Amino acid sequence: MKRVVNLYRTSIGKKIIMAISGFVFVAFVIVHMLGNLKIFYPAHEGVYKIDVYGEFLRTVGYPVFARGQVLWIFRITLIGLALFHIWSAIVTWLMSRSARPIKYKVVEPVASTLASRTMRIGGVVIAVFIIFHMLNLTTGDIFPGGQFEHGAVHDNMLANFSVWWVTAFYVIAMLFLGLHLYHGVWSAFQTLGVSNPKYNSWRRGLAWFVAILVTAGNIAIPLAILMGKVH
Amino acid sequence: MKLDSKVPGGPIEEKWDRHRFDMKLVSPANKRKFEIIVVGTGLAGASAAATLAELGYHVKNFCFQDSPRRAHSISAQGGINAAKNYPNDGDSIYRLFYDTVKGGDFRSREANVYRLAQVSNNIIDQCVAQGVPFAREYGGMLANRSFGGAQVSRTFYARGQTGQQLLLGAYGALNRQIAAGKIEMHTRTEMIDLVVINGKARGIVVRDLITGKLERHVGHAVVLATGGYSPVFYLSTNAMNCNVNAAYRAYKRGAAFANPCFTQIHPTCIPVHGDRQSKLTLMSESLRNDGRIWVPKKVGETREPNDIPEEERDYYLERKYPSFGNLAPRDVSSRAALEVCREGRGVNGGNAVYLDFRDAIQRLGKETIKARYGNLFDMYQRITDENPYEVPMRIYPAPHYTMGGLWVDYNLMSTIPGLHVLGEANFSDHGANRLGASALMQGLADGYFVIPYTIGHYLASTSLEDVDTSHPAFAEAEASAVDRLKKLLAVGGTRSSDEFHKKLGRIMWDYVGLSRSKEGLEKALKLIPELREEFWEDVRVPGGLNEFNQALEKANRVADFLEFAELMAYDALDRDESCGAHLRVEHQSDEGEAVRNDEEYSYVAAWEFKGVGVKPELHKEPLEFEYVKLATRSYK
Amino acid sequence: MDLKLKIWRQKGPEDKGGFVTYEVKDVHPDQSFLEMLDDLNVRLIHEGEDPIAFDHDCREGICGMCSLVLNGRPHGPWDETTTCQLHMRAYKDGDTITIEPFRAKAFPVVKDLVVDRSAMDRVLQAGGYISVATGNPQDANTIPVSKDDAERAMDASACIGCGACIASCPNASAMLFVAAKVSHLALLPQGQPERMIRVDKMVAQMDAEGFGACTNHTECEAVCPKGISIDFIAMLNREITRSKLSGVS
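Protein chains in written order, with the working numbering: chain A, 1 to 231; chain B, 1 to 636; chain C, 1 to 249.
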């Protein structure tokens with residue numbers, strides 16, 4: 001453990017933590033997106049697949065774990081990783097900010113991308129989004145679409161995304177997530193030292209794929225609901 | 001002044017070994033009591049500073065660049081020679097020695113050259129151990145290529161960046177000692193004067209280029225590794241800041257300057273274009289391995305090179321020197337280029353010849369040529385806007401390396417006891433012409449393998465008084481330096497020192513350049529003092545003394561070149577023979593080859609300073625050739 | 001051609017500094033960029049003004065002394081070219097060129113366009129070498145090095161230490177510079193004994209010098225005059241991870 005802490009103390013170590021936590025988030029957002037796509041499943045005998053899926057998530061691990069325990073373990077782990085991810089980002093950002101006290105008058109980006117340049121602002125947007133999203137659809141504390149009902153995933157989502165600005169916020173946040181994923185996935189490979197001229201072009205390709213997959217899948221849900229395509 | 005070369009006795013193969021045993025040693029406990037000043041961080045300076053510190057001496061090292069890694073050794077492209085005989089093509093220490101003495105046209109000291117050839121192999125071992133990424137064969141062994149003036153492949157190389165890679169090795173060794181606290185490194189610090197106390201070199205006065213303040217540094221011995229003086233020609237292949245100051249100040253303090261007129265004009269440089277150029281770019285001699293040099297047979301040829309048919313091309317090096325061909329030594333190649341251009345057969349009647357890769361590309365394919373010379377081709381294209389894969393390169397000789405330098409004995413000590421001189425700054429190993437890939441060898445030989453022994457001998461056998469920087473000699477040196485710098489600032493004329501430098505360069509190129517004549521040299525001796533006078537009346541140096549002032553640095557260097565140029569002309573005038581790079585038009589064969597006069601000029605000309613504008617006094621160190629018999633050099 | 005130059009002028013480290021505009025006329029396309037500045041300096045000396053301070057030395061793209069950020073790009077618009085090798089053909093009549101020094105906290109301005117890059121030396125002093133004293137090492141050919149390894153080590157070792165990577169990096173990170181030296185030595189058999197401790201010390205010094213943290217913008221690779229690949233940054237990341245996890249420090 002001391003060795004890991006020593007690694008974390010270096011600027012590179014902080015990025016390695018960001019990369020590893022980032023990969024966990026990538027796995028999470030893909031699974032999360034795939035699960036939520038069940039909203040498109042039509043009701044079968046008055047039961048929505050997504051409600052079943054929600055119920056599954058709450059009861060997984062039973063009887064070793066009580067209802068909801070595993071889900072909360074997951075949530076807490078993810079939140080913990082997110083805090084680590086964010087903390088590392090803030091520390092390295094402060095390093096970089098102080099590393100150039102006088103800015104250039106003219107800046108001509110040669111190789112950096114919109115995605116690489118929006119990592120920090122995108123990260124902030126995503127953090128704000130995650131807080132909103134949890135208050136919105138996990139706890140229901142902020143729920144402009146009417147009355148939040150625990151467990152009724154389908155009804156909650158429909159009510160929620162019928163509010164145009166909620167949908168708009170989700171879509172914008174997902175676009176930022178897409179950019180963040182595109183640079184993040186590629187960058188995480190690089191930071192973890194997964195590099196070889198033979199398959200380096202493949203890293204970019206994978207980053208594109210993940211970014212488009214997650215963004216498109218996640219945007220499809222609120223947009224379809226707002227447009228009344230989901231019943 | 002007495003010139004004692006201190007060459008040890010015995011057969012040449014045993015001289016260095018015997019001498020190493022005969023020299024006195026400094027015990028490990030005493031080494032740390034000695035402080036050694038090393039000026040310069042090129043191959044010679046960095047390797048000397050690092051090695052002396054490893055031995056336990058306390059070293060102060062100085063460079064005017066912002067980092068020791070930037071010294072001009074870094075620009076060497078082609079390679080470094082060693083007598084390893086890895087290719088099994090008949091090389092040996094003796095052959096490297098023989099080639100170097102012959103290549104230098106019998107104007108170098110045999111014993112020094114033999115030692116150079118002896119330690120050449122250690123250099124390669126040392127550099128490989130440091131991690132220098134030399135080129136390799138597929139089996140993992142070191143690769144070699146051939147270079148001018150040799151019929152064996154003995155040149156080790158690291159792409160087109162051999163100098164850089166070797167310097168990074170020495171710089172690494174230097175860094176290790178800096179980190180260990182054994183070397184006190186002073187960057188952006190320029191030596192302004194040498195301090196001689198009781199006849200011995202005991203310190204230097206430097207200027208901190210950032211604050212402009214003068215500082216005094218005392219030591220038990222001083223080592224100058226300050227490079228050559230080619231920028232006396234203004235346009236040269238040297239870096240812009242290369243200068244003669246340190247060596248010239250030592251000369252003014254009593255060190256003899258040897259063979260200043262031996263300046264190498266490198267045959268493969270990009271020709272001058274226009275009058276607003278600041279420097280000439282060298283294209284590595286290694287290009288001559290595959291490129292063929294030619295000019296049109298016809299005077300007044302106007303066709304594009306690719307339109308000139310084979311039978312109308314004159315591959316003059318191949319024609320005149322069939323056994324060496326395009327790999328004839330530098331002085332021979334440069335002179336041949338000059339000759340064909342004088343005949344009016346240069347490119348478009350001007351000063352350039354073709355270096356053509358057409359045949360090599362046909363034979364080996366573009367990819368192979370690209371792998372060998374890609375970076376050089378790219379550089380050529382950036383500068384000239386022409387594609388050398390399709391159009392032959394245009395090249396012309398340019399001032400490159402200076403074989404002359406401060407006179408040193410076998411121990412690399414100058415005529416001032418305690419003042420040691422290494423690398424290009426001394427005169428010792430290359431005679432009247434240096435062979436390709438030998439400069440790196442000499443710099444590292446001096447720094448890694450010679451000075452560490454000989455300086456110990458000096459320190460152990462000399463009684464050195466306790467002095468510190470409060471000694472009046474330091475005050476005198478500092479005061480005279482301040483005086484001179486203030487004088488430069490006070491002239492307040494109308495022209496920049498650059499303009500004077502350009503003018504000086506023109507004089508030197510015209511009269512003390514590739515070919516020299518009595519009339520021309522006498523004219524130069526009239527023009528140089530005139531220009532110097534003009535300089536001191538009309539130069540304008542803005543800014544002040546105690547600040548970062550590049551204009552002042554430059555003016556101070558030009559001021560010394562304006563005095564030093566005269567010394568070169570005196571030497572060239574005295575040497576009434578042709579040898580190596582020094583061609584007196586009065587002494588050439590019908591075919592334009594240099595004709596030596598061994599009867600009268602088989603000596604090292606060592607000049608003693610007698611005052612500015614006063615003819616210096618000539619001292620002669622006779623040269624004897626016991627092993628390589630004096631013969632007319634032939635590369636036919 | 002005629003050009004307008006907006007040049008950063010700063011009397012010294014304490015001065016605030018600012019841009020001064022100069023018009024230069026009759027610039028020749030075959031001149032190098034620094035020759036164009038030389039001409040401007042001669043003119044300024046004639047006019048009794050302080051010439052513009054800028055670092056330069058070899059003028060053939062190898063010493064790493066020249067710097068300058070031209071219109072937002074270190075070493076100007078040509079790929080794999082230092083400022084001294086940039087020729088005025090790159091510009092056209094009437095262009096405006098903004099000339100700034102390399103900017104980073106670790107590169108304090110000395111004067112005008114001259115900066116102090118000694119931080120890079122200190123990183124290399126921390127461990128960028130193989131600890132071998134001058135002496136009689138084994139014959140050079142007793143350490144075979146595969147051609148591929150030698151070539152890759154040479155790719156890394158081609159770094160000229162100019163600092164353009166740091167100047168171009170939006171984070172002012174020195175990763176490419178450090179990666180090049182770490183990789184050069186880690187790729188060679190001679191570099192193995194100190195492999196772990198070397199990267200450890202160099203990264204610690206890099207962080208201590210106040211460089212920023214890499215976020216993989218890859219600007220460094222794009223502006224590097226020697227075309228050094230960011231693959232070496234990946235290698236550095238691997239090296240430091242291995243070193244730390246093996247408990248070297």
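Because the hints were derived from the structure by calculation, they are not lab data.
Misleading hints may appear alongside valid ones.
Stated by the list, open to error - Just so you have them, the derived chain A footprint on chain C, three or more residues with Cβ under 8 Å:
hint	region
1	61-75
2	99-113
3	160-173
4	210-217
5	230-236
What you are looking at is a predicted structure, and each value in this text was computed from that prediction instead of being measured.
No residue lacks a Cβ here, since even glycine has one placed at the ideal position from N, Cα and C.
To see whether the hints hold, each was checked on the structure:
1. 61-75: holds (count 4)
2. 99-113: Since 5 is at least three, the answer is holds.
3. 160-173: holds (count 5)
4. 210-217: With 8 residues in contact (Cβ-Cβ under 8 Å with chain A), the coverage given for the region 210-217 of chain C holds.
5. 230-236: holds (count 6)
Of the numbered hints given earlier, the model fails none.
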